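Starting from the known structure of chain A, fit chain B onto it as the hints suggest.
Listed here are the chains, written in short residue letters.
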Amino acid sequence: MVRSGLASCIYRGAALQGELVIDAHTHLGVFKDYFIPKADAQDLVAYMDRFGISKACTFAFAGVNSDFRYGNDLVAQACRDYPSRFIGYVTLNANYPEELVEELERGERLGLQGIKLITAYQGHPEETERFYPVYEWANARRKIILSHQWGRPEYLSELARRYPQVSFHIGHLNFAYAPVVRRHDNVFTTTTFVPWPGAIERAVREFGAEKILFGSDFPDLDASLNLGPLLTAEISDEAKRLILGRNMERILKEHAGGNVR
Amino acid sequence: MGELAFFDANCQVGLYNFRVEGGPYSLQELVADTRKHDISQRLVYSAMAKEHSPALGNERLMQEIAGREELEPCWACSTWVTGEMPEPQQFVQALQQAKVKAVRFFRHFYHVPMSEWSLGPLWRELERYRIPLFLDLGERWATMDEIDADEVYELCHAHPGLPVILTKHRIRFNRQVYALLEACPNLHLELSGYWHYRAVEDICRRFGSERLLFGTNWPFMDSAFAIAAVTYAEVSRGAKEAVAGRNLRSLLEAVPW
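Protein chains in written order, with our numbering: chain A, 6 to 266; chain B, 740 to 996.
The shape of chain A in the complex, shown without the other chains:
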């Protein structure tokens, strides 16, 4: 079968050449729940090259449910070693409310540019008031905050209204947030999820291609889980390019000091 366009890469296992691909949701390091082979920065970069992923917004597993300082240091080191490939995020732990802003400041000194929240793994609801100082801090500095989920859609909507300088990213695709994403210029969703047939097409209809960011969740998941369905979706190659990297490129210019290439 003769295939054309971006989809053809999937069937050949070919890297996306000459395309800007920014993965908005990736991890670094090992994890307690399962074995992850070759999880250090060097191996992750080699893995990104296999698919043609130009850059990865990354945060450490260790920050999810263990030593967040160690995890953030790991990310900072990866960013120092591969400054053109990783955009580091500070992961915060809701169980250390007195250290949240301190860790944000430390992360900034280390060169980390975004913030990752994942309260569900830390025994707190997404709507915890503990993070209000984090949102204030991020709003003053035009930061990106990616959260695993954001609680009720109306809660995310209120955050987006109250903190307009923050770029809010939904860590996993959830169609309940579609009206919020469409309503607010500063709210975006990643593609990160388990794709069923037709899901990408539905996401483009409900969120709009300009509000979707490619996120693979590697090395939690294999990048093929999200890249395959995106590239073979029945949407235009232009829409795919927006999702793959162009949308995130614009966000990074506005919220991460232009760290694009």
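For the record, the hints were derived by calculation from the structure and aren't laboratory data. Fair warning: this is a prediction, and the values are worked out from it, not measured in the lab. Glycine included, C-beta positions come from ideal geometry on N, C-alpha and C. It cannot be assumed that every hint is accurate.
Here are the simulated distance ranges between beta carbons [claimed, not checked]:
no.	chain 1	residue 1	chain 2	residue 2	range
1	A	ARG210	B	ALA805	31 to 41 Å
2	B	GLY761	A	GLU243	21 to 31 Å
3	A	PHE180	B	SER765	21 to 31 Å
4	B	PHE912	A	ASP72	19 to 29 Å
5	A	ALA20	B	GLU826	49 to 59 Å
Quick look at chain B alone, frame taken from chain A:
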């Protein structure tokens, strides 16, 4: 180098419960997906055989896919003690008559223990003819980590000639799966439930490419995931061909009909 010839070890046809909004289910949609991704063959089971009745579902499957050469039937098996299914010898005779070369066991849907005291005679008959057994152990389409590793180990060791394929799981706790692959040479993994980073290459390197079977879990998952998992894997072309289809073809060809 041409594209790989994919033989899908895991797809379902027919109306099913808990359909995702707008999700496909019909034979026409399955055929369209097969064409879209140029999948050579698919081993198909009936949604009704999983969710309602193995006997009725198996019958429905044969009617539904009749005449479609790219679709191979996979029947559901279950206990015979209630009279809902034939006794093991008769069941295998029915498989032979219908030229069905693979079966699937839904551990939780029918609440049937898979231990020797419960299904040993059936496993013995399947082993006698080397009929591949797909173990579908979860209650939902991507149930996480419901594998009872001891059950799988005991089945594989009691019937070393029976090809056993773990399927349809988000096999999140991969340490126990690695231990099972190490301990059970007749155990295989179907790919759609195995979403781990570098999974294909790591399993091929440790256990051999013959242990993995390409499967999509259509209509629950987009077929492009499993395709990309194989095409992008850092393994030899030969290993990709084995995972993509050769392994499943070999298992089915070993069945003497």
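Could you tell me which of the hints above the structure violates, numbers in ascending order? When the structure is compared with the hints, none of them turns out to be violated.
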